[in-house]
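Below are the chains, spelled out letter by letter.
There are 2 protein chains.
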Amino acid sequence: MTLPQMMRALVQVQDGYAGTQTGPALADAAPFLALRDIPVPSPGQGQALIKVKLAAVNPSDIHFIKGEYGQPRVSGQPAGFEGVGEVVGGDTPLLGQRVSFFAGASGTWAEYAMTDISGLIPCRPDLADVDAAGQLVNPLTALAMFDLVRDSGADSFVLNAAGSQLGKLLIALGRDAGIPAIAVVRRAAQAEALLALGAAEVIVTGAADPLAQARALFKTYQPRILLDAVGDQFTADLFFAMPNGARWVNYGKLSTDAPKLAALGQLIFQGKRIEGFWLTRWMKEVDPARIPQAFATIQERFVTRAWTTDLAGIVPLSQAMAQLPAVLAMPDGKAFIDPAA
Amino acid sequence: MTLPQMMRALVQVQDGYAGTQTGPALADAAPFLALRDIPVPSPGQGQALIKVKLAAVNPSDIHFIKGEYGQPRVSGQPAGFEGVGEVVGGDTPLLGQRVSFFAGASGTWAEYAMTDISGLIPCRPDLADVDAAGQLVNPLTALAMFDLVRDSGADSFVLNAAGSQLGKLLIALGRDAGIPAIAVVRRAAQAEALLALGAAEVIVTGAADPLAQARALFKTYQPRILLDAVGDQFTADLFFAMPNGARWVNYGKLSTDAPKLAALGQLIFQGKRIEGFWLTRWMKEVDPARIPQAFATIQERFVTRAWTTDLAGIVPLSQAMAQLPAVLAMPDGKAFIDPAA
Numbered sequence: 010m011t012l013p014q015m016m017r018a019l020v021q022v023q024d025g026y027a028g029t030q031t032g033p034a035l036a037d038a039a040p041f042l043a044l045r046d047i048p049v050p051s052p053g054q055g056q057a058l059i060k061v062k063l064a065a066v067n068p069s070d071i072h073f074i075k076g077e078y079g080q081p082r083v084s085g086q087p088a089g090f091e092g093v094g095e096v097v098g099g100d101t102p103l104l105g106q107r108v109s110f111f112a113g114a115s116g117t118w119a120e121y122a123m124t125d126i127s128g129l130i131p132c133r134p135d136l137a138d139v140d141a142a143g144q145l146v147n148p149l150t151a152l153a154m155f156d157l158v159r160d161s162g163a164d165s166f167v168l169n170a171a172g173s174q175l176g177k178l179l180i181a182l183g184r185d186a187g188i189p190a191i192a193v194v195r196r197a198a199q200a201e202a203l204l205a206l207g208a209a210e211v212i213v214t215g216a217a218d219p220l221a222q223a224r225a226l227f228k229t230y231q232p233r234i235l236l237d238a239v240g241d242q243f244t245a246d247l248f249f250a251m252p253n254g255a256r257w258v259n260y261g262k263l264s265t266d267a268p269k270l271a272a273l274g275q276l277i278f279q280g281k282r283i284e285g286f287w288l289t290r291w292m293k294e295v296d297p298a299r300i301p302q303a304f305a306t307i308q309e310r311f312v313t314r315a316w317t318t319d320l321a322g323i324v325p326l327s328q329a330m331a332q333l334p335a336v337l338a339m340p341d342g343k344a345f346i347d348p349a350a
Numbered sequence: 010m011t012l013p014q015m016m017r018a019l020v021q022v023q024d025g026y027a028g029t030q031t032g033p034a035l036a037d038a039a040p041f042l043a044l045r046d047i048p049v050p051s052p053g054q055g056q057a058l059i060k061v062k063l064a065a066v067n068p069s070d071i072h073f074i075k076g077e078y079g080q081p082r083v084s085g086q087p088a089g090f091e092g093v094g095e096v097v098g099g100d101t102p103l104l105g106q107r108v109s110f111f112a113g114a115s116g117t118w119a120e121y122a123m124t125d126i127s128g129l130i131p132c133r134p135d136l137a138d139v140d141a142a143g144q145l146v147n148p149l150t151a152l153a154m155f156d157l158v159r160d161s162g163a164d165s166f167v168l169n170a171a172g173s174q175l176g177k178l179l180i181a182l183g184r185d186a187g188i189p190a191i192a193v194v195r196r197a198a199q200a201e202a203l204l205a206l207g208a209a210e211v212i213v214t215g216a217a218d219p220l221a222q223a224r225a226l227f228k229t230y231q232p233r234i235l236l237d238a239v240g241d242q243f244t245a246d247l248f249f250a251m252p253n254g255a256r257w258v259n260y261g262k263l264s265t266d267a268p269k270l271a272a273l274g275q276l277i278f279q280g281k282r283i284e285g286f287w288l289t290r291w292m293k294e295v296d297p298a299r300i301p302q303a304f305a306t307i308q309e310r311f312v313t314r315a316w317t318t319d320l321a322g323i324v325p326l327s328q329a330m331a332q333l334p335a336v337l338a339m340p341d342g343k344a345f346i347d348p349a350a
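Note that the protein sequences, when read in sequence, are chains A and B. Numbering of the first sequence is given in this note's numbering, commencing with residue 10 and proceeding in unit increments. Numbering of the second sequence is given in this note's numbering, commencing with residue 10 and proceeding in unit increments.
No lab work stands behind these hints: they were computed from the structure. Treat the hints with care, since some could be wrong.
[To be verified] In silico lysine to aspartate or glutamate, EDC-like type, Cα no more than 20 Å apart, as pairs:
hint, chain 1, residue 1, chain 2, residue 2
1, A, Lys269, B, Asp24
2, A, Lys269, B, Asp241
3, A, Lys228, A, Asp164
4, B, Lys269, B, Asp218
5, A, Lys62, A, Asp46
6, B, Lys269, A, Asp266
7, A, Lys269, B, Asp266
Model, not experiment: these values are computed from the prediction.
Please build the complete structure, drawing on both the sequences and the hints.
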């Protein structure tokens with residue numbers, strides 16, 4: 010295949026960290042991104058070049074371009090952590106095949122992206138592109154965090170931002186394992202769909218005295234893990250309402266609150282603890298055999314509809330600067346970028 | 010030995026938990042304690058009766074009588090967690106011997122106390138009573154928490170309330186293991202003594218910009234464990250100034266602050282975590298062979314003066330209601346109660 014010299018890409022326009030904490034909302038792309046024609050990256054030793062078919066847009070992408078993620082930005086580099094596409098370069102037997110991947114050296118919001126050969130995930134032919142494009146960040150995080158739930162030995166777990174894509178994946182995992190989620194959401198309108206998906210209970214934070222409801226539910230369900238993508242004061246209050254041995258596992262920061270630890274003594278006397286989850290670290294620390302096994306599970310779940318990808322919209326790369334904020338602002342569903350359009 | 014029917018004891022006058030968080034200061038004993046003549050407890054199956062020679066007064070005792078500890082108060086029961094005395098009752102070969110012990114059924118601030126036979130710790134003849142009376146709560150906590158420091162793999166650790174009895178034990182352990190403490194204290198007057206004891210550095214919280222000093226020190230020393238008996242906002246700030254992988258281990262609550270988590274994302278991206286340490290839980294979870302080994306270490310350290318007990322005062326039991334608050338208010342040193350006086 011003859012590759013072009015140049016490609017279209019959404020590149021970052023800032024370097025490093027911002028030192029802010031504004032959450033994953035994106036009112037305007039212009040302070041962080043620009044649509045540019047840049048050279049197609051050239052794979053070095055151990056790298057593969059992928060012609061991107063569809064790229065995912067996750068909250069972590071937005072944290073990243075805003076300089077609020079665990080890795081520094083590099084001005085001029087394409088953004089976008091994950092996607093699906095065809096391997097078109099690099100010394101790999103997967104050349105010509107459709108793969109999911111986590112972009113390393115050059116991001117997925119571009120016509121071509123680059124990653125390490127070891128990170129290419131072959132896709133089953135019956136896996137849809139929207140499922141393939143997003144099979145890494147959210148589904149792998151869901152599987153990894155659900156291990157914490159299983160290991161906690163409890164019959165249920167607590168989950169906030171439960172209406173998110175990741176939340177829905179976790180609710181379905183809980184349903185299938187018989188360890189149902191107590192789902193925390195902001196809007197009452199989300200409750201019915203999450204109960205239908207298999208949540209044991211739904212707590213609506215906007216309702217009257219949601220903490221009293223939580224306390225009553227925790228007495229019945231005795232959940233030991235709180236999976237938290239919000240990090241606000243209500244999350245801290247939930248944690249302190251949970252039973253002995255509870256773990257608050259923070260993996261995202263939708264809120265800009267700095268929550269107060271009003272009952273620190275529970276860490277001493279009730280053996281509670283507060284920790285974080287980061288997929289990048291998990292992948293480094295987990296038994297390597299676990300990763301391909303996880304991707305087999307993920308693809309099987311999507312193909313059999315045990316998991317589904319709710320679509321907010323597919324934004325053409327050429328229109329992403331203007332359209333991405335509006336699609337991301339939709340309350341449910343996941344956004345993608347189509348580099349060919 | 011013929012035992013009396015009645016004994017003098019400082020008994021609790023309240024039941025259960027207070028629901029407050031006022032810290033371990035004691036302005037007045039009367040709301041919590043009363044000096045009474047009560048029946049000498051009668052040991053049941055597996056229990057030993059001890060004639061108390063000297064009883065320790067620890068911060069955890071004050072938390073307990075104020076209803077702010079992990080166990081509920083029982084009105085009418087003698088207070089006091091630890092002490093030294095002679096075994097005078099119970100089916101044990103230690104009858105007649107001097108032992109240190111953690112009071113179970115009936116507390117140590119009394120002429121007689123009771124505990125499980127399994128919890129009796131024989132004392133070396135060359136161990137002084139002031140060291141024997143306090144060899145459990147503080148020294149065992151110090152050894153147990155210093156394991157966390159060793160396991161962290163760092164060359165130093167951070168310690169607040171470093172001028173406390175427990176703080177000094179930890180500083181000496183760090184000195185002897187070549188993993189020196191960065192000691193955090195409130196008063197500049199404490200600094201010199203702690204440096205002499207073996208602390209690597211002293212941060213005085215009352216000084217100008219102690220956080221800037223901490224940041225500079227952490228860059229050099231890369232400490233991974235913060236042993237915290239204070240639980241205030243400055244402690245949280247210290248934690249967030251520490252390097253990747255840092256653990257905030259809270260074991261006491263001298264402050265009534267509810268510290269804010271201003272950089273929760275560090276739990277995700279820097280693998281930090283916040284947890285508690287409670288000796289009671291540690292003793293249940295640790296390899297049982299570790300406990301007698303630890304007491305051999307503790308007694309050896311006191312006898313060889315690797316550890317010393319700084320005395321604030323020995324209060325006669327008969328005068329404790331009036332004198333205890335003043336002795337506890339002394340800035341350094343440990344208080345004891347003499348049940349025979």
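If any of the earlier hints don't hold here, list their numbers in rising order. 1
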